[in-house]
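**Q** Given the coordinates of chain D, assemble chains W, U and X with the ligands onto it according to the supplied hints.
Residue numbers (the numbering used here), protein chains in the order written: chain D, 1 to 346; chain W, 347 to 692; chain U, 693 to 1038; chain X, 1039 to 1384.
Rather than coming from a laboratory, the hints here were simulated on the basis of the structure.
The calculated DSS-like cross-link candidates involving lysine-lysine, where the alpha carbons are at most 27 Å apart (straight line), are:
id, chain 1, residue 1, chain 2, residue 2
1, X, Lys1058, U, Lys712
2, D, Lys20, W, Lys366
3, W, Lys366, X, Lys1058
4, X, Lys1336, X, Lys1058
5, U, Lys712, D, Lys20
6, U, Lys990, U, Lys712
7, W, Lys644, W, Lys366
8, D, Lys20, D, Lys298
None of these values were measured; they are calculated from a predicted model.
Take a look at the letters that make up each chain.
4 protein chains.
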Amino acid sequence: MGNHHVERKEDHIRIVLDRKSSQSALTTGLETVRFLHNALPDLDLGEIDLSCTLAGRRIAAPVLVSSMTGGPVRTAEINHNIAAACQALGLPFGVGSQRVALDHGGMAGLGPELRRIAPDVPIFGNLGAAQLRGDDAFDMARRAVEMIGADALFIHLNPLQEAIQPEGDRNWRGLFDRIAALAETLGVPVAVKEVGFGLSASLCRRLHEAGVQILDVAGAGGTNWARVEAARATPDRHALGATFADWGIPTAQAIRQARAAVPGATIIGSGGLSSGLDVARAIRLGADIGAIAAGVLKDAIASQGDLEARLSAVVEELRITCFCTGSADLDALRRADLMPDQLPPT
Amino acid sequence: MGNHHVERKEDHIRIVLDRKSSQSALTTGLETVRFLHNALPDLDLGEIDLSCTLAGRRIAAPVLVSSMTGGPVRTAEINHNIAAACQALGLPFGVGSQRVALDHGGMAGLGPELRRIAPDVPIFGNLGAAQLRGDDAFDMARRAVEMIGADALFIHLNPLQEAIQPEGDRNWRGLFDRIAALAETLGVPVAVKEVGFGLSASLCRRLHEAGVQILDVAGAGGTNWARVEAARATPDRHALGATFADWGIPTAQAIRQARAAVPGATIIGSGGLSSGLDVARAIRLGADIGAIAAGVLKDAIASQGDLEARLSAVVEELRITCFCTGSADLDALRRADLMPDQLPPT
Amino acid sequence: MGNHHVERKEDHIRIVLDRKSSQSALTTGLETVRFLHNALPDLDLGEIDLSCTLAGRRIAAPVLVSSMTGGPVRTAEINHNIAAACQALGLPFGVGSQRVALDHGGMAGLGPELRRIAPDVPIFGNLGAAQLRGDDAFDMARRAVEMIGADALFIHLNPLQEAIQPEGDRNWRGLFDRIAALAETLGVPVAVKEVGFGLSASLCRRLHEAGVQILDVAGAGGTNWARVEAARATPDRHALGATFADWGIPTAQAIRQARAAVPGATIIGSGGLSSGLDVARAIRLGADIGAIAAGVLKDAIASQGDLEARLSAVVEELRITCFCTGSADLDALRRADLMPDQLPPT
Amino acid sequence: MGNHHVERKEDHIRIVLDRKSSQSALTTGLETVRFLHNALPDLDLGEIDLSCTLAGRRIAAPVLVSSMTGGPVRTAEINHNIAAACQALGLPFGVGSQRVALDHGGMAGLGPELRRIAPDVPIFGNLGAAQLRGDDAFDMARRAVEMIGADALFIHLNPLQEAIQPEGDRNWRGLFDRIAALAETLGVPVAVKEVGFGLSASLCRRLHEAGVQILDVAGAGGTNWARVEAARATPDRHALGATFADWGIPTAQAIRQARAAVPGATIIGSGGLSSGLDVARAIRLGADIGAIAAGVLKDAIASQGDLEARLSAVVEELRITCFCTGSADLDALRRADLMPDQLPPT
Ligand SMILES: Cc1cc2nc3c(=O)[nH]c(=O)nc-3n(C[C@H](O)[C@H](O)[C@H](O)COP(=O)(O)O)c2cc1C
Ligand SMILES: Cc1cc2nc3c(=O)[nH]c(=O)nc-3n(C[C@H](O)[C@H](O)[C@H](O)COP(=O)(O)O)c2cc1C
Ligand SMILES: Cc1cc2nc3c(=O)[nH]c(=O)nc-3n(C[C@H](O)[C@H](O)[C@H](O)COP(=O)(O)O)c2cc1C
Ligand SMILES: Cc1cc2nc3c(=O)[nH]c(=O)nc-3n(C[C@H](O)[C@H](O)[C@H](O)COP(=O)(O)O)c2cc1C
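Same shape as in the complex, but just chain D (with noise of 0.2 Å):
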């Protein structure tokens, strides 16, 4: 019985959604990304194009709404309105972890009608890491794609949160492998996360050279996974929140040595960003995407349309950052001129 699976997902949307207790207290590092503002760009807002490609769909802006599970009510509803909102926008999403889904059967809105709801728009499946530890994790991986009609698969990476997590998995040996063989075998593309503590640039390295295409970062400074476990663990253990609440490598400067380690992968920055300015500045230091997850959370819970309007603002943020740095277009981004000393350290 996956229930206590359940309890806890509850408990950690409850503890995400109280910020003070769940908020890393490192910042992203984004902030200190400044753009020249442009007075006068030669541009007609309206025009500036954001769409990109990604896990072979075009996209009409470079922002994906993050895997998120939640528990049996929720679950369904919440990954029902994140598709209609995406597939209203153009916009690409993950579903959280398909575990409990997998074990027990289809529940939770993790179904094929998920596909139909959303067509156009590219869907990633999750699983953790340690789950490929199994004899049928290859196959179970497979059913994963095929539940959904995935076009990728996300591997999450979450050592901290299962050490300190009391059900978690402490044994970590081979998975690296594991994930090198599902890479080449899975037939969509293999993706990689953290859930925000970050992905090193040699991680990042040997990942790409094992065949996995597409890395997101996941870095410091939003959710902190070991405070929200911690928050739910037996009292002595609740100073593991605190001892760990400023780790992570914090995502401005996980993009930037991840685009440096691997030019060619597909980087997604995500880990605490708030706006759609703060996926302009992931873009800038080397991102393809920016996702969000624990700052749509509220919205996607509250309904479809409320979900639509926040990840509209979004967009325009970005949209309205590219008009204010007189950028046409992502690329035109990527190269767009920061304040003097305004980049994060390496």
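**A** This is chains W, U and X with the ligands only, laid out in the frame that chain D set:
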């Protein structure tokens, strides 16, 4: 009818006066300019000479009251107070946007009476860059100048404000060329200003080469028009104010870069100046004139007397800064010693 | 009669437990040591090896409970709790100053029962440097060791504390030579420690050359004994606490400098450590062992069980830090990657 | 009648005692001077020698009570308390401005009784630079010295204070030459001091070359006289206090620059010193003497006993600083080790 224009302007004044919801998240950078104290100046405070020239007229001190529009009721009064106080003190001023007045006839104190109240000081007219798009634009610009007997015409650049306000002008293609053409034909000097996000060095250079002699950097650190407009917008756009709260080139940096880029231009340093010491700092960084808008708005609304007292205090602070740096005049102030390592970054 | 000594110690505990009035105004600097996160460690968390050797005995993890004296009632209990918890977890500990016990007979749990409770772990005796002045000092030191079957003897250096406390030892002439002589003759290793203001590099070098093998830097950033003593002093001396609130060598700097100065010594990093992550940071900077006093005081007073839970959490945090940096043991941790530019200044 | 002078002085004391409305927005910079702790000084705290010489007399410690004027009631008492406490402790002191006393006869405790109370310590007279303008100025200066049997005469420079106070002296032409002439003819040493905005290096050099042997930098970071005077001024001038709240050369910088500029002068470091540790820091940066005004004002008003206790604590803190840096005397303190990178900028 310009009715919603009028309401909008009333909103502006209300929001600007509430600094908490209109202030930039950045500082001007002027606070980093620290003069070296001279404890034994060989000067008579009363004889320090602050006079200089702007737009062909002699002024008593390099302090300009920046362009501000108000609603229909207040504007006439505000303009009257500004004109009378500036005339009394020998200071230059700009009027707010003349767009509505031009479209609907000479309302709101923006008629020939202005010049009668202030016969001796430089008056700057004001139009937005986006208004130059129309066929009759140059004719309109000429009428703007004539209407108030202006010595020069400010063209304001406010792409971020336009992008955020619902009714904003979103198409800015070709406006640079329109400004260049206007500068060639208008008869009085064309001056270009931002409204609080700064002119970049390269834009200053291009404008100057195109014939614009006066550049008001209007940098970041004071009123943030993204916040002001977002506060007025529909709820789903409120977030844009927070997102762009730290946008723009801080005033100190804008002045230094502008001066380095266009040594021969008249540079007005503005954006968040709040005292005569700030004016002195702007001048020390390369500005010819310091300008203030929001910092005198309350007194400009209150009465001519209040505004005169406020502007006198600003001039006195500038004079005291000269005294305590041993500077007999503005040329000496420009070379006044600073504390070591006290120039902000270029 | 050591009666006012006893009261003094009770005061100490009360004031130390109120962190607001005993905390240094400095930080330890350890917070600037930021490990590079490894999102895919090739490790089993349960098999990470934290064991090492101290004072000739194998210990389960490099975590020492520092010397603490209490008043007459609590001390016996505190010492019992510390000894039992450390024995259960395989951790070393030091006792508080044995001066009063030596002067008045084996009171306060500082007798042979201590070794019986903790037969397997390193126990450190404790005397103040100023006590070495007397003729019978070396005899007293020998008795201090025998009394509890100690593996080594801490000599604590606390000149600022002595200078501020009314009853303090103010004459420190010749004490270096006394320590050097003791180190030669005592039979068990002499270890030297500060109490929260740090040992400088040059003092570490001189002590090491004189035969002191173990150095506990006890740097600034945690308990500030100037504040503690000033709080107890007459009103006219209260100000001294605030004055010296930022005195001392921050722990991170003290460790780095000590390691550079005495590569061959056993270095204990302490002063303000509050978690296993702090222990890991101390080790990464060059310490062999991390030590904690005030950070476990409350639990040491509460019960053996509480202290055991607290120390287990510290060890677990250290283990998790190894895991998330991909370090299989302490040697690997010593070479773990840091975030770029994340070493504090030497 | 000097009646409004008297009221003004009462105002001063009231405002200065309310630190919130009189404190500089800058820090002194002294807090950045961090001594390297010596955990094992080869010293007897009681034998540390703090004595030195000032204005031809031996003093017990390099701590001067700075010039302070009060109103008519308090001044006599304050001067009495200061003289008696300084005599008891062997410390030098300055009196506040003698202008009113000279103009209206020997009031306010500024008569020969002062020397009778304090026969053995250096006493400094006090006049403002602007008072040197008059024809009888040198005669007045001579009377100021004789009136209290002064060992030296402070000339205070306070151009910013004069510029802000309504009744201030605004014409400072020629005052340098007057000081130079006075220094040649007065008979006792002329000392020059600021009142809280600092003497620059170049002014120190010029004054020293003109014969001024004693320079009290009186830098920024403590009492800000622009704030004090603005608080007393008419409402339209209140803003000047905030404007100049961060004016001046911070004390630490002023001392270092002065020492580099005039190696041979007697330099008094003052402005915001609040403890004996601050005195030690000033001396480490190059001062011969540390001076305190506002920091002892409350106790000087309260009673001789309170002031003595306060000054004793300051001296004790200086002594402890010597002890914990291993400095046997002031010469050693001048060379005491600092934490690496702990000198403030020149
Ligand atoms: C409620 C919630 C549930 C999440 N569940 C998953 C998950 O099942 N799988 C996964 O890979 N990441 C999961 N994440 C992590 C996010 O995908 C993302 O990497 C991380 O939160 C950092 O982005 P953010 O700062 O925008 O939230 C979850 C995040 C949230 C907020
Ligand atoms: C109430 C108000 C109305 C304004 N209206 C105009 C305007 O109509 N035209 C213009 O060029 N600038 C306008 N501005 C911008 C100012 O001229 C100035 O550039 C800007 O506020 C930055 O200066 P400050 O920080 O001193 O306020 C306005 C400013 C305020 C506060
Ligand atoms: C209540 C208490 C009593 C202490 N007593 C002693 C002592 O008797 N001898 C000694 O060497 N250190 C003593 N210390 C100092 C500690 O051993 C340690 O060096 C110092 O507190 C710094 O570590 P911390 O920041 O983890 O507390 C005491 C500390 C505390 C908190
Ligand atoms: C109440 C008060 C009165 C003062 N009066 C004088 C004065 O008459 N003459 C003078 O040279 N300085 C005067 N000062 C300035 C002090 O001598 C000193 O230079 C200044 O306050 C900076 O030192 P502090 O920060 O320790 O107060 C006065 C200061 C205070 C607080």
